[in-house]
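Taken in sequence, the protein lines are chains C and D. Converting from the first sequence to my numbering requires adding 215 to each position, the first position being numbered 1. Converting from the second sequence to my numbering requires adding 12 to each position, the first position being numbered 1.
In short, the hints are calculated from the structure, not lab data. Where hints are given, some of them may not hold.
Unchecked claim - Think about it this way: if two alpha-carbon atoms lie no more than 25 Å apart in a straight line, the pair counts; the simulated DSS-like pairs of lysine-lysine are: (1) K455/C / K99/D; (2) K360/C / K311/C; (3) K115/D / K104/D; (4) K205/D / K404/C.
Said to hold, decoys possible - Calculated from the model, a selection of chain D residues having no Cβ within reach of chain C, i.e. all distances over 12 Å: (5) C64; (6) D102; (7) S224.
What the hints assert, rightly or not - Derived DEER-like restraints, expressed as beta-carbon distance ranges: (8) E338/C / K41/D: 51 to 59 Å; (9) D515/C / G270/D: 31 to 39 Å; (10) S452/C / S65/D: 38 to 46 Å; (11) C45/D / S452/C: 49 to 57 Å; (12) E268/D / A308/C: 35 to 43 Å; (13) C45/D / T364/C: 49 to 57 Å; (14) G270/D / W450/C: 56 to 64 Å; (15) D280/D / W450/C: 39 to 47 Å; (16) E299/C / G270/D: 26 to 34 Å; (17) C64/D / F344/C: 36 to 44 Å.
Just so you know, even glycine gets a beta-carbon here, dropped at the ideal spot from N, CA and C.
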Amino acid sequence: MNLNFLDFEQPIAELEAKIDELRYVSNDNEININDEIARLQSKSRELTESIFSNLSSWQISQLARHPQRPYTQDYIDRLFPDFEELHGDRAFADDKAMIGGLARLQGQPVMVIGHQKGRDTKEKISRNFGMPRPEGYRKALRLMKMAETFKVPVLTFIDTPGAYPGVDAEERGQSEAIARNLFEMMRLKTPVICTVIGEGGSGGALAIGVGDAVNMLQYSTYSVISPEGCASILWKSAEKAPEAAEAMGLTAHRLHELGLIEQIISEPLGGAHRDLDGMAQNLSNALLEHLKVLQEQPLDVLLENRYQRFMTFGIGETE
Amino acid sequence: MSWFEKLLPSRIRTDAKTRRTVPEGIWSKCPVCQAVLYRAELERNLYVCPKCSHHTRIPARERLTHFLDNEHQTELDAELTPTDRLKFKDSKKYRDRLNQAQKSTSEQDALIVMRGEVLGVPLVAAAFEFSFMGGSMGTVVGEKFTRAANRAMQDNIPLVCFSASGGARMQEALFSLMQMAKTSAVLTRLHEKSLPFISVLTDPTMGGVSASFAMLGDIHIAEPNALIGFAGPRVIEQTVRETLPEGFQRSEFLLEHGAIDMIVDRRDMRSRIANMLSMLMNLESPLQTDEKEVAAV
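Sequences are here, hints too, so could you generate the full structure?
Rendered as structure tokens:
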């Protein structure tokens, strides 16, 4: 089994392995099998298209936290060459699960803030698996207030299993830190664009998710609790996670249908990790588009729209 | 039948089938000091154990009717009732869970809102009904809280909320999460109008409720020994793989760590809140001399 592929992608993995094998053979021999390779490649593409055209919510959840999924830093590296990382909450510590700093998007100054997961074991631990503590949220808030002062738009990238459930986090007021961000982001006097790039895990995600536009990458998820968490509480078994994922409707497609997000940003065939540059390009285009619209709005209109955006997330029509 | 029973006249004889047992709910036991308490007396004492002062949970409606002065109590938005937009079904349908909760609590959802006065200080007060699906916050709770704040702004009076909630309601998925943003949003407006919001944290206040409006009060009051926090103790134990210290996430712990302003006994809540609100609203002191003594304790 190829670990770069998820279980439902294994047919693609087998085809890709065959193609690699043929390439190896063709190097050894003089027989021209390029035609065969091309045929298999097109078959692989068709297979990928067919598998990805009909993904379940659970399969999308797996893609959203794929070990090779691009993280905030990967997008920063591609979209913001002028990035200057800013550290610390000025009160307690620098939380490495949350990164942020000044940057330029196609020349325009912006404040970038995002959750950051780790790639290898060592980094995973130092980033605390992308689960911020209160100081992470307070750093994010400090940077947002700075952006407000200098009239710089804020771009947030959401990718977290949730806020860290630990003793120290509780001692320092995890609840208050999240709540404070919801309050302050609502009235931040500068455009705020939020993008879910991987996992949008509950309050820990929302704490940098209050904005004028909330977008999701095609195979990202956003939910009130993880599928495993939901399954173990409501079904009393974490193995029912696929059912929970389906019931919660945590995919970009479903949430867009429900009117909870603004835009779905397309991912390259097979997911963001298969073509990082392509993904970065799509993301950049979407951000620029939203930025243009939002910056044309007078501040009072912007803030009123942001407020009303959240007010409409309420009781639906009666049955 | 024994010889003794045969002696008894038939009208005072009772056989096992018709023998009346003590009706359910006449007596209850304090979970902390184990004292057996006469239910009516416990209720008169606002569900606080008269022996050890343990604060047991109090139904939301009783909480509000006791908290507010007897006159001028009006319930707000009582008609709001939840809908199942996602057609959510786990081991049970959400619709069925709702019906069951509505039947057992006689409430439409987990938040009750009333406009009234406390010692003559007018305000809007909201309280969570914990026995309605764990006091979880869905769209109706979010909407009622928002309307409560809007009413406070319209009448230019403060807002008080008694929280008791496990957090966001999973069956309403992301809609529930968005109630965190919505309830926090409306508080920005209350704040801009310089109207106080007092958040009273009662047992338990967790998850999405504590991580939104409940931690955005101008003043945070907790009842004694209430469980208050973001992540539940079991989740934390599973994450850090160690037993949690005694008193972790309890009111006294929060006071020590600077998260709340004070711990107030439920029986003093009226005078303490009226006292503080009157100062924030620049009103005459509502306290009589004897009540001032209570407030000074």
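We went through each hint and held it up to the structure:
Note on K455/C and K99/D: the hinted pairing holds, with a Cα-Cα distance of about 18 Å set against a maximum of 25 Å. Restraint check for K360/C and K311/C: satisfied, since their Cα atoms lie roughly 19 Å apart, inside the 25 Å limit. Taking the CA atoms of K115/D and K104/D, the gap is about 16 Å. The hint holds against a cut of 25 Å. For the given pair, K205/D sits about 18 Å from K404/C by alpha-carbon distance, which is consistent with the 25 Å threshold.
Chain C leaves C64/D outside its interface by the beta-carbon criterion, the shortest separation being 26 Å against a cut-off of 12 Å. In this structure D102/D is not separated from chain C by more than 12 Å, as the shortest Cβ-Cβ distance comes to only about 4 Å. S224/D, annotated as away from the interface, has a beta carbon of chain C within 12 Å; the closest lies near 5 Å. Our hint of 51 to 59 Å for E338/C and K41/D holds, since their Cβ atoms are close to 53 Å apart.
Evaluation of the 31 to 39 Å hint for D515/C and G270/D yields a pass: the beta carbon distance comes to about 35 Å. For S452/C and S65/D, the hinted distance range of 38 to 46 Å is satisfied, since their beta carbons lie about 40 Å from each other. In this structure the hint that C45/D and S452/C lie 49 to 57 Å apart at CB is violated, the actual value being about 37 Å. For E268/D and A308/C, the Cβ-Cβ distance of about 20 Å falls outside the hinted range of 35 to 43 Å, so the restraint is violated.
In this structure the supplied range 49 to 57 Å holds for C45/D paired with T364/C, their Cβ-Cβ distance being about 55 Å. Separation of G270/D from W450/C is about 39 Å and departs from the stated range, judged on CB atoms against 56 to 64 Å. Evaluation of the 39 to 47 Å hint for D280/D and W450/C yields a pass: the beta carbon distance comes to about 43 Å. Restraint check, E299/C to G270/D: a C-beta distance of roughly 33 Å satisfies the suggested window 26 to 34 Å.
Our hint of 36 to 44 Å for C64/D and F344/C holds, since their Cβ atoms are close to 42 Å apart.
Hints 6, 7, 11, 12, 14, counting from the list given before, are not met by this structure.
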